[in-house]
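2 protein chains.
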Amino acid sequence: MNILYDERIDGVLPAVDKQQLLQALQRQLPDLDILHRPEELRPYECDGLSAYRTTPMLVALPRHVEEVQTLLRLCHARRVPVVARGAGTGLSGGALPLEKGVLLVMARFNQILDIDHSARLARVQPGVRNLAISQAAAPHGLYYAPDPSSQIACSIGGNVAENAGGVHCLKYGLTVHNLLKVEILTVEGEPMTLGSDTLDSPGFDLLALFTGSEGMLGVITEVTVKLLPRPQVAKVLLAAFDSVEKAGRAVADIIAAGIIPGGLEMMDNLAIRAAEDFIHAGYPVDAQAILLCELDGVEADVHADCERVSEVLTLAGATEVRQAKDEAERVRFWAGRKNAFPAVGRLSPDYYCMDGTIPRRELPGVLRSIKELSEQYGLRVANVFHAGDGNMHPLILFDANQSGELERAEALGGKILELCVKVGGSITGEHGVGREKINQMCAQFNSDELTFFHAIKAAFDASGLLNPGKNIPTLHRCAEFGAMHIHAGQLPFPNLERF
Amino acid sequence: MNILYDERIDGVLPAVDKQQLLQALQRQLPDLDILHRPEELRPYECDGLSAYRTTPMLVALPRHVEEVQTLLRLCHARRVPVVARGAGTGLSGGALPLEKGVLLVMARFNQILDIDHSARLARVQPGVRNLAISQAAAPHGLYYAPDPSSQIACSIGGNVAENAGGVHCLKYGLTVHNLLKVEILTVEGEPMTLGSDTLDSPGFDLLALFTGSEGMLGVITEVTVKLLPRPQVAKVLLAAFDSVEKAGRAVADIIAAGIIPGGLEMMDNLAIRAAEDFIHAGYPVDAQAILLCELDGVEADVHADCERVSEVLTLAGATEVRQAKDEAERVRFWAGRKNAFPAVGRLSPDYYCMDGTIPRRELPGVLRSIKELSEQYGLRVANVFHAGDGNMHPLILFDANQSGELERAEALGGKILELCVKVGGSITGEHGVGREKINQMCAQFNSDELTFFHAIKAAFDASGLLNPGKNIPTLHRCAEFGAMHIHAGQLPFPNLERF
Numbered sequence: 001m002n003i004l005y006d007e008r009i010d011g012v013l014p015a016v017d018k019q020q021l022l023q024a025l026q027r028q029l030p031d032l033d034i035l036h037r038p039e040e041l042r043p044y045e046c047d048g049l050s051a052y053r054t055t056p057m058l059v060a061l062p063r064h065v066e067e068v069q070t071l072l073r074l075c076h077a078r079r080v081p082v083v084a085r086g087a088g089t090g091l092s093g094g095a096l097p098l099e100k101g102v103l104l105v106m107a108r109f110n111q112i113l114d115i116d117h118s119a120r121l122a123r124v125q126p127g128v129r130n131l132a133i134s135q136a137a138a139p140h141g142l143y144y145a146p147d148p149s150s151q152i153a154c155s156i157g158g159n160v161a162e163n164a165g166g167v168h169c170l171k172y173g174l175t176v177h178n179l180l181k182v183e184i185l186t187v188e189g190e191p192m193t194l195g196s197d198t199l200d201s202p203g204f205d206l207l208a209l210f211t212g213s214e215g216m217l218g219v220i221t222e223v224t225v226k227l228l229p230r231p232q233v234a235k236v237l238l239a240a241f242d243s244v245e246k247a248g249r250a251v252a253d254i255i256a257a258g259i260i261p262g263g264l265e266m267m268d269n270l271a272i273r274a275a276e277d278f279i280h281a282g283y284p285v286d287a288q289a290i291l292l293c294e295l296d297g298v299e300a301d302v303h304a305d306c307e308r309v310s311e312v313l314t315l316a317g318a319t320e321v322r323q324a325k326d327e328a329e330r331v332r333f334w335a336g337r338k339n340a341f342p343a344v345g346r347l348s349p350d351y352y353c354m355d356g357t358i359p360r361r362e363l364p365g366v367l368r369s370i371k372e373l374s375e376q377y378g379l380r381v382a383n384v385f386h387a388g389d390g391n392m393h394p395l396i397l398f399d400a401n402q403s404g405e406l407e408r409a410e411a412l413g414g415k416i417l418e419l420c421v422k423v424g425g426s427i428t429g430e431h432g433v434g435r436e437k438i439n440q441m442c443a444q445f446n447s448d449e450l451t452f453f454h455a456i457k458a459a460f461d462a463s464g465l466l467n468p469g470k471n472i473p474t475l476h477r478c479a480e481f482g483a484m485h486i487h488a489g490q491l492p493f494p495n496l497e498r499f
Numbered sequence: 001m002n003i004l005y006d007e008r009i010d011g012v013l014p015a016v017d018k019q020q021l022l023q024a025l026q027r028q029l030p031d032l033d034i035l036h037r038p039e040e041l042r043p044y045e046c047d048g049l050s051a052y053r054t055t056p057m058l059v060a061l062p063r064h065v066e067e068v069q070t071l072l073r074l075c076h077a078r079r080v081p082v083v084a085r086g087a088g089t090g091l092s093g094g095a096l097p098l099e100k101g102v103l104l105v106m107a108r109f110n111q112i113l114d115i116d117h118s119a120r121l122a123r124v125q126p127g128v129r130n131l132a133i134s135q136a137a138a139p140h141g142l143y144y145a146p147d148p149s150s151q152i153a154c155s156i157g158g159n160v161a162e163n164a165g166g167v168h169c170l171k172y173g174l175t176v177h178n179l180l181k182v183e184i185l186t187v188e189g190e191p192m193t194l195g196s197d198t199l200d201s202p203g204f205d206l207l208a209l210f211t212g213s214e215g216m217l218g219v220i221t222e223v224t225v226k227l228l229p230r231p232q233v234a235k236v237l238l239a240a241f242d243s244v245e246k247a248g249r250a251v252a253d254i255i256a257a258g259i260i261p262g263g264l265e266m267m268d269n270l271a272i273r274a275a276e277d278f279i280h281a282g283y284p285v286d287a288q289a290i291l292l293c294e295l296d297g298v299e300a301d302v303h304a305d306c307e308r309v310s311e312v313l314t315l316a317g318a319t320e321v322r323q324a325k326d327e328a329e330r331v332r333f334w335a336g337r338k339n340a341f342p343a344v345g346r347l348s349p350d351y352y353c354m355d356g357t358i359p360r361r362e363l364p365g366v367l368r369s370i371k372e373l374s375e376q377y378g379l380r381v382a383n384v385f386h387a388g389d390g391n392m393h394p395l396i397l398f399d400a401n402q403s404g405e406l407e408r409a410e411a412l413g414g415k416i417l418e419l420c421v422k423v424g425g426s427i428t429g430e431h432g433v434g435r436e437k438i439n440q441m442c443a444q445f446n447s448d449e450l451t452f453f454h455a456i457k458a459a460f461d462a463s464g465l466l467n468p469g470k471n472i473p474t475l476h477r478c479a480e481f482g483a484m485h486i487h488a489g490q491l492p493f494p495n496l497e498r499f
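Those sequence lines, one after another, are chains B and W. Note that the UniProt record's numbering gives residue 246 to position 246 of the first sequence, counting from 1, and the numbers run on in steps of one. Note that the UniProt record's numbering gives residue 426 to position 426 of the second sequence, counting from 1, and the numbers run on in steps of one.
Chain B extracted, bound-state conformation (with noise of 0.2 Å):
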């Protein structure tokens, strides 16, 4: 079974005539714009991942559901590709566009259809932005849990598709955690409900399938999401060590004192030393590692949590703990950790953000040996990340410019996706796999277990035309990458220059 299409797609995919396409669009759906020239479609060239380029045939920007509809029957029936996207802010290249293909921007579905406080839902429009769903419902003390760092930006519809995570997933979960329910249509252009709005639902569990499926198996067309009650108070720990394995040891020993954190972030020297550099957040720039941890609940309880946080960061040998003493030293703290993707960024002229999950047990032992595939390969590596749930963000520090570069820093990059899975982890906490990481799921799944990817792929979309060459690679993809790492002795990672 070889059912999906490979991201060498474009050049496989009959030749569909533009301007036939675009004339049938236009006259079943004369009042949907569509963009089609080259100056219209430059700016959905990519998503937040912008090593992956490609300009789209042609982007469709519906307002109405009928509309989606009559577009994805229109075609299915041409046989040509659809990739679907919300704001266009994931990292791993999940709603990267086709050549031959129809870019679906769902960002005009963004009307919030109701806050119901008694049962603590919202229904949203999938183009509704993560953040507008907690402001919505702050007025009934209710919040949206997860939280992306592009929370301002990002929309429900693509948190879904990505299974999205945030700083505060260690104690409320992922996307998948906080549904009830989705609207989606097929392929075909069929509405279906996954999900509902109780408990449990009988039959398969195709709402979880659904989520994190990136666009493969249908559009989403309405999102339902569980809200939470907003904790009465918030308080922050900073912890500094002397070494980044003992912060490591920390974070272990915080879970394990049966404290569940609403945050537990950790960055490294050089995050540390960007951020302060950038926000001025007041980190102890000679430390190694810093801690951030984030207690939230009642009064009593935060307090309490608190002082036992601190003694378990001082046995584990913290040469530092600091309550942040006010809520605007809270969100100083915050706001260095927030910005340290950029604050890196100003280190360096490029840098690729990996994603990577681990045991937290081996959070002392990764880091390590990421210090040394750092020095082996020559490029610096800063670690930022949600310690808390093992979800690991090192960001490699590159130069394009400089030959050899972007390929060193590939290849650091697989490397560390690697040892991730080699330690009993998984290549992807929160960005998903996208276009990005195709390859590195030949290293996570054997083909038996990629054939049920593909079966579950086609008893949704059979014709393989919504987003093909992301999330799942094909059999034939992985034999080749098998025989790449075998035969070639070099570490075959994605070649940027494709897309």
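Watch out, some of these pointers could steer you wrong.
Since the list gives no way to pick one copy over another, a pair counts as held whenever it fits inside one copy or between any two copies.
In the DSS-like style, the derived pairs of lysine-lysine whose C-alpha atoms are separated by at most 30 Å in a straight line are [claimed, not checked]:
id, residue 1, residue 2
1, 226, 422
2, 226, 246
3, 338, 415
4, 422, 235
5, 235, 246
6, 181, 171
7, 226, 171
8, 226, 338
9, 371, 246
10, 181, 235
11, 415, 181
12, 226, 181
13, 226, 18
14, 171, 18
These aren't lab readings, by the way, just hints derived from the structure by calculation.
Starting from the structure of chain B, add chain W where the hints point.
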């Protein structure tokens, strides 16, 4: 597509020579315990839903994964269906055997393989009892949260297969929310790992898809669950009401007030009286309804929440609000609730336990409708349920020896489930679909949706040999069901004679 066997499978399956199969199994697996004599098979003729009974052809009791693998391969080659079960405590007939099938009893896989307190996980064999996990984790201050009423007996493999719930699911989620990884064997005996020890897995979420799939997608050989820190304290409030509607509204009010109780349970007058006669829990026997609300966490937090919940209950019209004065009284309050089913069983020769879920806001209206239906059908209904989740368990009292009462009980039960679907709920909360509610699946899902379920089943098990006739109805069955529904003007609920 119609690849699933119907429950009439025994009628349409090719005749399997029991002796030949037995000899082949004995030859290939000389150490495997196989039961084949009628008197040995009889104890396995039903699960916890005793209304459905079928004597299996053979019962296999393996101890090693290799035995399960060989058995599956042999059965697959000979086209013999296999029904796996754990402790057989399920309430929907999900593990009901087949006359021409092998019942694969996984109860001997009862080893706890690992308790990792720093990673907060337990790796166990599928036959380990639910409560045994919490007992093993207790020395580390941890426990496994989902707590079905049968937790002393039910096995974790069965919990995964049915996505089991319990009193504490309001706060801590269903089985699917507390799982990290399962090891399975496919219908062809191939091992597969679903999920991982870390936060997220790339690709489609096969773990969630598998959870609640009722043994139709594979046989579970190992389960890794999340463990939670045991709450410092737990307090319980008992509130009495002079109407079930008021109690129903109070439930919605508590949730809307931003409080997440550990458990929030409701009993109506019939259940209160039955439980009080049986357990002497100290319940107010004149109340039309009581709520039991447990608050757990750290001392100060629980104290504050108890005060807030008391206020909400009083405002909602509670005639009395009592806090259990000590641990002995708290345990007594819960003993009444946990023994409510057998207590109600003392009032009537037979009872039929339903399991449906509705949005919380619909509780008062649905409780009123159940009362009206009860009068209309001339059968008493006791309500004992997870009110916080909107997970209803109406118990319909009847006497199977009185002509027509069983049929009336079934018809009334069907009406109640249809009512759940009508108000936006679903036909199961935590018991699963199994054999019992397979017809109601036709009311819950349309043929497009069922076709997806069939395609997913086919992706895992194209042979259809794993637990045929449960969970997902054939389109043919639904067509018949619909036709009966329309033409005969009567409710075609499960014909209990067949199994």
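Checklist entry - What are the numbers of the hints that this structure violates, sorted from low to high? => result 4, 10, 13, 14
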